[in-house]
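Novice: Taken in sequence, the protein lines are chains A and B. Note that my numbering numbers the first sequence so that position 82 is 82, with each residue one more than the last. Note that my numbering numbers the second sequence so that position 139 is 230, with each residue one more than the last.
Warning: the hint list may mix true and false statements.
[What the hints assert, rightly or not] If you only want the chain B side, here are some residues facing chain A, beta carbon under 8 Å, derived:
hint, residue
1, 124
2, 244
3, 252
In case anyone wonders, no lab produced these hints; they're calculated from the structure. In this text, a Cβ means the ideal position worked out from N, Cα and C, and glycines have one as well.
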Amino acid sequence: MCHRSVGLVQGAVEAAGISTASVALRPEITLGTKVPRAAYLRFPLGNPFGEPNEPAQHHRILEDLLVLLETATEPTVIELPYRWRRWGKWL
Amino acid sequence: MESTVLDPEDFRAQYEKWVQFVAANHHGQNNRVNEEPAFTPLQKPLAEARVALLTSAGVHLSDQEPFHTATIAGDATYRVIPNDVDFSAVRFAHTHYDTSSAEQDLNVVLPITRLAELVERGRVGAASPIHIGMMGFNPDPSAIADTTGPAVAAALTDADVDVAIFAPG
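Sequences are here, hints too, so could you generate the full structure?
Specialist: Next comes the structure, spelled out in structure tokens:
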């Protein structure tokens, strides 16, 4: 339900003239709610930017969202290729 | 490996199943979607943009009222989290995900430190003075769609935000 709540607020913020992008951990809900931009990650709920105290991982995901903001020309949901593993092997 | 673009049609059956699940198990018959999805192209380069963050992971401050988690009605309210927040004052009120990662490092759900680093590097122009905390468990999303969404949009507009990054709890 988090994904629908986030998606509905995201839609309202985007409609107000602010460009938005979101992380999606349940892609069917994000896609069904119809958001402008999102990136699906196969990470567990509670970890949208990855593992605690792993700044490089957080930055990688944020950078993917920033690139999505720079490149998407229509509503776009992408899947990022990362998988949930112990740090050192996640890429 | 590269990123791939997802086709909503591939997920439609799974989505409909989830909508039915929420209706049957959480008294959430009033599903909502963004009927006419807006799309706002970047209005300026990211290096000049002011960026806000939003999390639905139940983030609130110790001196703010916690979100209501012990209710089937959910909680559609939101909390303003200042960019210069003292991390030790952050609390997590949410019973529908494992908060242990977030409790170890707020950046896992609300990457305020990472945003400061992006500003320092010049990748984005500035951090918004405010970010938004919500609690995502809302079986009936009517209040989220009709009240919270427009209120958050107004708060971020007032803060001169250009770009907002959202993450589910």
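Novice: Hints the structure violates: just list their numbers, smallest first.
Specialist: none
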